[in-house]
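Here the protein sequences come in this chain order: A and B.
Take the first sequence: its letters are residues 1 to 230, numbered as in our numbering.
Take the second sequence: its letters are residues 1 to 230, numbered as in our numbering.
Don't read these hints as lab results, they were simulated from the structure.
Keep in mind that the hints are not guaranteed to be accurate.
Which copy is meant is left open, so a pair is good if it fits within one copy or across any two.
Stated by the list, open to error - Derived lysine to any residue pairs resembling SDA-like cross-links, with alpha carbons at most 25 Å apart:
{"id": "1", "residue 1": "Lys31", "residue 2": "Asp90"}
{"id": "2", "residue 1": "Lys54", "residue 2": "Ser166"}
{"id": "3", "residue 1": "Lys64", "residue 2": "Glu136"}
{"id": "4", "residue 1": "Lys54", "residue 2": "Asp68"}
From a predicted model like this one, the values you see are computed outputs, not experimental measurements.
The residues making up each chain are set out below.
Protein chains: 2
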Amino acid sequence: MTILLYDLVGRDGARPFSPHCWKATMAIAHKGLDISTVPTRFLEVPTVEGGVSKLVPVIRDGEKVVADSFAIALYLDEAYPERPTLFCGDGGKAMARFIERWSQLTIHPYVTTAAIMDLHAMQDEANAAYFRQNREQRFGQRLEEVVAARDAGLGAFRTSLEPLRSMLAYQPFIGGQSPLFADYIVFGALQWARIASPYRLLDDSDVVAQWFERCLDLHDGLGRTVAAAS
Amino acid sequence: MTILLYDLVGRDGARPFSPHCWKATMAIAHKGLDISTVPTRFLEVPTVEGGVSKLVPVIRDGEKVVADSFAIALYLDEAYPERPTLFCGDGGKAMARFIERWSQLTIHPYVTTAAIMDLHAMQDEANAAYFRQNREQRFGQRLEEVVAARDAGLGAFRTSLEPLRSMLAYQPFIGGQSPLFADYIVFGALQWARIASPYRLLDDSDVVAQWFERCLDLHDGLGRTVAAAS
């Protein structure tokens, strides 16, 4: 089976960067399904599958269209129950939601701060203008003012990862002995940073960085098929 | 089956207050097992079951002795697989560990700050002296200095619960439609505060407070059998 994924890109169609699309990419690979991507710019998102969602990822699997990375993971697990599970039980489904909320509220704001000028620089002219206008309205600040906070915030960001860091003393993945969708949720956030920006979020000696490297190795090194920003 | 629980108390043997013991209490009730408690003061912990652990909870189930609330929950699920599950799958087991680390590193430090003088006041003379000496060594501060930070920290504490608050827009419990051990982990921390201190951690309008009330209702209102501090 081949899943069609509308995947957010900038000027370079071979550098998908969206954290949420990466969650979907990893989930599709985890299920052992083939993936065919439609590189999609910000301004094209409203036209995806007739405007089914304001955001990507969106997937098409035959006749079925699903938007939202979490909904995609739930769909894939239900549609392909004979393939490796993304949640490993209803408890895992429920708690993955907590981890998604934690990642979104803990990691995403700082990655946005740290990478916002790089994300802007990845877009073509029209999309860069959209991105600047949209994000400056959201933050009530110029992009240049947003990014100015990143050095001062780095220490607090690293501290905010302490629950994950501490958990890694017990098990190699959020999913336990092997990765589940919860791992891809947090992976997506750090992969977004890795692809967009050379800014160094983590020390190599950090067990969180080591876990991220393990995630980059998964599914034949799928995460490494896009080089880190330099 | 009756499980013997060594449960931490202060001067009043009927007011168990330990967050970790409450996790075990709720887990035993969730499994539909009877519970028999041994009220245990701080200074008695080293003598529990021949000194099996530096901390309570410790349970005895027939010949089997288990220490540590998470290990107790895992044990109960393995020993009584025909009774309601505490994890609902291996994914739930793995991710409950993340939630435990999040609760321990996010909620526990602030509850300690907020309730430390009240916790001290709950102990008899010998245990109060132990508690003061032990905690002042840990913090490098007088207890009176620790608690002085609570008003200034309250806003940040409430903000730190945002992942839980946000998750509650999706589902009524951390475990999904019904509670699992992950709920009892966070419940234990807030129940510790509720029993030790009248200090108001949450607004009634907060969905986290509403979730906590739902947890107090569980298992025939088990959590309410000990009145809130006043």
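Taking the hints in turn, this is what the structure says about them:
1. Taking identical chains as interchangeable, the C-alpha atoms of Lys31 and Asp90 lie at most 25 Å apart whether they share a chain (17 Å) or sit on different chains (18 Å).
2. In this assembly of identical chains, Lys54 and Ser166 lie within 25 Å of each other by CA distance solely across copies; the values are 20 Å between and 36 Å within a copy.
3. In this assembly of identical chains, Lys64 and Glu136 lie within 25 Å of each other by CA distance neither inside one copy nor across copies; the values are 35 Å within and 61 Å between.
4. Taking the shortest alpha-carbon separations for Lys54 and Asp68, only the intra-copy value of 10 Å comes in at or below 25 Å, while the best inter-copy value is 46 Å.
Violated hints amount to a single one, hint 3; each of the other numbered hints is respected by the structure.
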